[in-house]
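Enquirer: Below are the chains, spelled out letter by letter.
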Amino acid sequence: MYDELDRWVQQQYQLSQLSEGFMNILVRLDHWREQGAISPQQHVYLAALARREPFSLFLELNILFYAGVLAFVAGLGWTVTTYSQQLGDVLVLVILSAIFAACFWYCFSRAPAWSLAQTPAPNAAFDYVLYLGSLVWCIELAYLENRFRLLSGQWDLYLLATAGFFFFLAYRFDNRFVLSLALSSFAGWFGLTISHWPSHQDAAYRQYALLYCLLIGAVGALLQYRGVKPHFFGTYLNIAANVGFWALLSGVFQRDGYALWFLALLIACAVSIAWGLKRRQFAFVAYSAVYGYVGISSMLIRNIRDFTSILTYFVFTGVAMVVGLVVIARRFGRQA
Amino acid sequence: MRLYSASSEETLRARTLIKDWAGEGILTKEQHQRLEQETVSELRTTNIFLRLVLFLFTLISVCAAAALFLEIFLRPSSEQTDGIFLLIGAAVSYAAAELAVSRGRLYRYGIEEALAVCSVGFLCLGMQFALFSGHPLLPASDAAHSLVPAAGVVLSLWIWRRFGLWYAFLAAMIFAVFLSGYWTSSDAVQRALVAVFYLVGLICVAALRTRHRFDYLEDAYSPAEALLWLGIYLAINLKLSPSNLPAGWWDWVGSAGAASEYTRPFYWTTWALIWVLPPVVLVRGIRQKDRFVIAVGAISFILTFVSNKPYLGWPRHTWDPMLLGILLTGVALFIRRWLARGPGGVRGGFTAARLSGKDKQWMNAASAALGLVTPQSITPSPQTTSEDFHFGGGASGGGGAGGDF
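Protein sequences appear in the order of chains A and B. Residues 1 to 336 in our numbering are what the first sequence spells out, letter by letter. Residues 1 to 405 in our numbering are what the second sequence spells out, letter by letter.
It cannot be assumed that every hint is accurate.
Far from chain B by the CB rule (all over 10 Å, computed), these chain A residues [as the list claims (entries may be wrong)]:
hint, residue
1, V90
2, F108
3, F165
4, A218
5, A289
6, R302
7, V319
8, L325
One-sided excerpt, in silico: chain B residues whose CB lies under 7 Å from chain A [to be verified]:
hint, residue
9, L54
10, F55
11, F69
12, F73
13, L217
14, F350
15, A352
16, D359
17, A368
Honestly, the hints are just simulated from the structure, not real lab data. Here the structure is a predicted model, which is why all the values come from computation and not from measurement. C-beta: ideal position from N, C-alpha, C; glycine also.
If we strip away everything but chain A, and leave its shape as in the complex, we get (with noise of 0.2 Å):
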């Protein structure tokens, strides 16, 4: 009844539509397929589409599957930390191998042959089952320094071997999580390594960072380059780009001998518009505008004290930045 009645209001609305001249996706697909754009087959597929008929769930559940697998990790986390006294060391790591190896067991029976190119997932479970795996590592490897003392601390070297076991999975299983989870950690080994040096540990954070970016920036390129998932390039492009301008903005903000780091900066800049207006990647175009304008309006206004003066600046950069963007948006970014 309740269908029944949905149905002649729809019907109805579109009716009135049609005589104010309004087409919606329906009416449009009813409209090409009499005019031979698409086949009626099209039209049959298109318009259940449109209808949402049928309505996929695919988003859904890899958002539950995830959700799943980070509250599952906390609580295994808590769990091991607030009992392992209780539990015993063997135990806790009894289970977190047991959990560690079941995921790998499954995630190395079940994957396809390795290929150059993006390979999709067997199932739709196995990317969290590789993720749960991957961080329940994490855990086991936190839990066995922390008791044995293994590496006397040197939680770098765990990193790096991490990272190593990351990238290696990632490219494997085709998983961004891992890859991500691969380059973090990476970034983690650069810190810790800096960290125990004895001074200008500012100054070495950001040649660092800048070697990172430029590291994972080249080996992302020469990946992608040989033709080895090449789909991962991006991912390593956007975390290079944002730590190396974060770093770049470092240097600029130093009270002295910023002067190459400015320079820098503009020539990052000048890249990565040019290299978003290339590819059609906005996200660069974007990146570029806002570190750039923080490192240039931080140059101008470091001496002024005068608020007027503060505030004028603000209002001319905000409408030539807005103009900038507009001609930007009006030549290259009008597809969405």
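Following the hints, complete the assembly by docking chain B onto the known chain A.
Expert: Here is chain B on its own, set in the frame of chain A:
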């Protein structure tokens, strides 16, 4: 009432769908090109990144211009003068937003959005300064002060209807939360009032959207309805209090709303409602095949599981998140397999298969971003030189290895 014509918005919607279908290989390149020519809109659009950056820089220039004007022409001045200037600023911003659309034909371009947002901000600040001299952030017990959030609600709703910006609707809902605070000091009454506001909004939105299935207006009503359902749920769940948010998610849930703060009937009615509402929302979302409402149904279910023990006064265990995780993955697996066993992988009009290229884009972006977030929270901190060292120290680590071994 709407600033854009129905045919323009529907044309843009058709264009987006065509692009998606062509990306999935359902339409050939030639068909895509031909249909694109038939769906040319006079509205100017841009991509999400340029939209965000344009929004940011418009916001910077408008706020700086307002501050500059105040600084140059109205210093020294009274708060009333500042308020009147801000009210004029609100009118000018709003007029500029209208002009940007009517003359510039901007559609989700960032510029007109920032101008509209500025008009709401200026209106509220201007009213506060002009009518109630005092610091705008200080709470006031005078009910007359509720005029400020009331004006915020009205203008935000107007902007939502006029420009179709979903976050203007969210802003209206947030202003509505502040409204009740001026009328009563009782938390229970405040929550009930907020829930009633949202319920009235929900009835209106639900009534309006029945006429708009499969057209562009459904895209506007769908997030509004989802936000209202979520708002009602958050208002009635006494164990969720935004004031405790910085304490961490797990600690936050349950730390608020002790049973003694409320009357017994009110307390247990809300407990019953937090169990009743999620299935109602989920069924509504499934019936409407509405992604946002389904998501709110699922989120409210999870929040109910998380806040049930504190409601009943039961102790929380460290393994509760593990059980929740097993439940979530179990439900996901069951639904996926159940759907896959249907004819053609479809049951009751639902499938677990991916039908849109957008889903894949979302998955790729989210998996790269979410993968970055979690390792920091589960990787132990490096200060491990002391013999007495116990790593972590917090119970809020994303991966949970944040406590002490």
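Enquirer: Now look at each hint and say whether the structure bears it out.
Expert: Structure-based check of all given hints:
1. V90: At roughly 14 Å from the nearest Cβ of chain B, A/V90 sits farther out than 10 Å, so the non-interface label holds.
2. F108: Holds: least Cβ distance 20 Å, greater than 10 Å.
3. F165: The assertion about A/F165 holds, with a minimum of 12 Å to chain B.
4. A218: holds, 19 Å
5. A289: Nearest chain B Cβ is 5 Å from A/A289, so the label is violated.
6. R302: holds, 17 Å
7. V319: With a cut-off of 10 Å, A/V319 comes too close to chain B, as the shortest Cβ separation is near 5 Å.
8. L325: violated, 5 Å
9. L54: This hint holds: B/L54 lies near chain A, its Cβ roughly 5 Å from the closest one there, short of 7 Å.
10. F55: violated, 10 Å
11. F69: violated, 9 Å
12. F73: With a minimum Cβ separation of about 11 Å from chain A (threshold 7 Å), the hint on B/F73 is violated.
13. L217: Violated, about 10 Å.
14. F350: Holds - the Cβ of B/F350 comes within 7 Å of chain A, reaching about 5 Å at its closest.
15. A352: holds, 6 Å
16. D359: holds, 5 Å
17. A368: With a closest approach of 5 Å, the B/A368 hint holds.
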